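Engineer: Sequence:
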Amino acid sequence: MTEAHEHVLTGTRGRLAAREWTTGPPRYVALLVHGYGEHIGRYDEVAGVLTDHGAAVYGVDHIGHGRSDGERVLIEDFEDVVTDVHTLAERARTAHPDLPLVVIGHSMGGLIASRYAQRHPGGPAALVLSGPVIGDWELPRRLLAHDEIPDVPISPAALSRDPAVGAAYAADPLVWHGPMKRPTLEAFVRTLDAVAEGGDVGGLPLLWVHGDDDRLVPLPGSRVGVERLAGGGLTERICPGARHEVFHETNRAEVFRDVTDFLDGVLAR
1 MTEAHEHVLT GTRGRLAARE WTTGPPRYVA LLVHGYGEHI GRYDEVAGVL TDHGAAVYGV
61 DHIGHGRSDG ERVLIEDFED VVTDVHTLAE RARTAHPDLP LVVIGHSMGG LIASRYAQRH
121 PGGPAALVLS GPVIGDWELP RRLLAHDEIP DVPISPAALS RDPAVGAAYA ADPLVWHGPM
181 KRPTLEAFVR TLDAVAEGGD VGGLPLLWVH GDDDRLVPLP GSRVGVERLA GGGLTERICP
241 GARHEVFHET NRAEVFRDVT DFLDGVLAR
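If you count the sequence shown from 1, position 231 lands on 231 in UniProt numbering, and the numbers rise without skipping.
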């Protein structure tokens, strides 16, 4: 049975709530990087799949998210968030110094994970991006064009075809349900540009999973960024009919199998 342990880290802008999931002796470390407005507690099922596959799994609530410090959903510089993720990665490496590290980022977490891979070449053994905010994501610039940022809440129905996922999201007190904030939107624009200009990740194995009915982070815009980021090791899995959160979709067993099969190939090298 997977056990979750809570940790507190000192981040770049305050205290961070982190979580570690373990079962038996691991064969690799998986670092989960969550998306905008949510928290790492929404990844218990993913963590369970990965621990059953032989991973020691770690994740952190980003600054301004979940149980971590900071004004809600205020991120002034994503480079600080990348540094916070690295702090957690170093903690994991200290606990498991001889194991390969896999970084798995969803949505905004895909942007952070991509930047992490650029800033730490030779660090991760593999990169997994789920519905990543990368490439031509138009929302930040569209919202910034307004004098006052409009409140455009995320529709729970846009997350998954499973209505229970949307209901749980809407009822979750640790999820942000208010408007986006101008400094965060400006930081998104800068970091999208930084990743676009930061070069590819060389031969780092990269798995991209995306729903073809993703209305929050449309697939065509992400493709531009993923193909620019990938070196020679891109594997893609596009899920017909799936929405934004493929790890919470009705076909998530298939998605999990895609992830573990990909990681088996990486770990066998």
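Simulated from the structure, these hints should not be mistaken for lab results.
Predicted, not measured: the structure shown is a model, and the values here were computed from it.
The beta-carbon is built from N, C-alpha and C at its ideal position, and this holds for glycine as well.
Please note: incorrect hints may appear among the correct ones.
To be verified - Derived SDA-like pairs: lysine to any residue, alpha-carbon spacing no greater than 25 Å straight-line: (1) K181 with A158; (2) K181 with A145; (3) K181 with L144; (4) K181 with Y28; (5) K181 with A196; (6) K181 with D136; (7) K181 with P156; (8) K181 with D151; (9) K181 with V73; (10) K181 with A170; (11) K181 with P153.
Unchecked claim - Now the in silico label distances, taken between C-beta atoms and shown as ranges: (12) E6 with G123: 36 to 42 Å; (13) E90 with E138: 34 to 40 Å; (14) D212 with H120: 27 to 33 Å.
Engineer: Now, for every hint given, state plainly whether the structure supports it.
Structural biologist: Hint check:
1. K181 with A158: Holds - the C-alpha atoms of A158 and K181 are around 21 Å apart, at most 25 Å.
2. K181 with A145: Answer holds: K181 to A145 is near 13 Å, not above 25 Å.
3. K181 with L144: Distance ~9 Å between K181 and L144 Cα, so the pair holds.
4. K181 with Y28: Violated, because 37 Å separates the two Cα atoms, which is more than 25 Å.
5. K181 with A196: Judged against 25 Å, a Cα distance of about 23 Å means the pair holds.
6. K181 with D136: Holds: K181 and D136 sit about 20 Å apart, inside 25 Å.
7. K181 with P156: holds (20 Å)
8. K181 with D151: holds (10 Å)
9. K181 with V73: holds (7 Å)
10. K181 with A170: holds (20 Å)
11. K181 with P153: holds (12 Å)
12. E6 with G123: 36 to 42 Å: Because 25 Å falls outside the window, the suggested range is violated.
13. E90 with E138: 34 to 40 Å: Since the Cβ atoms of E90 and E138 sit about 35 Å apart, the hinted range of 34 to 40 Å holds.
14. D212 with H120: 27 to 33 Å: holds (31 Å)
Hints 4 and 12 from the earlier list are contradicted by this structure; the remaining hints agree with it.
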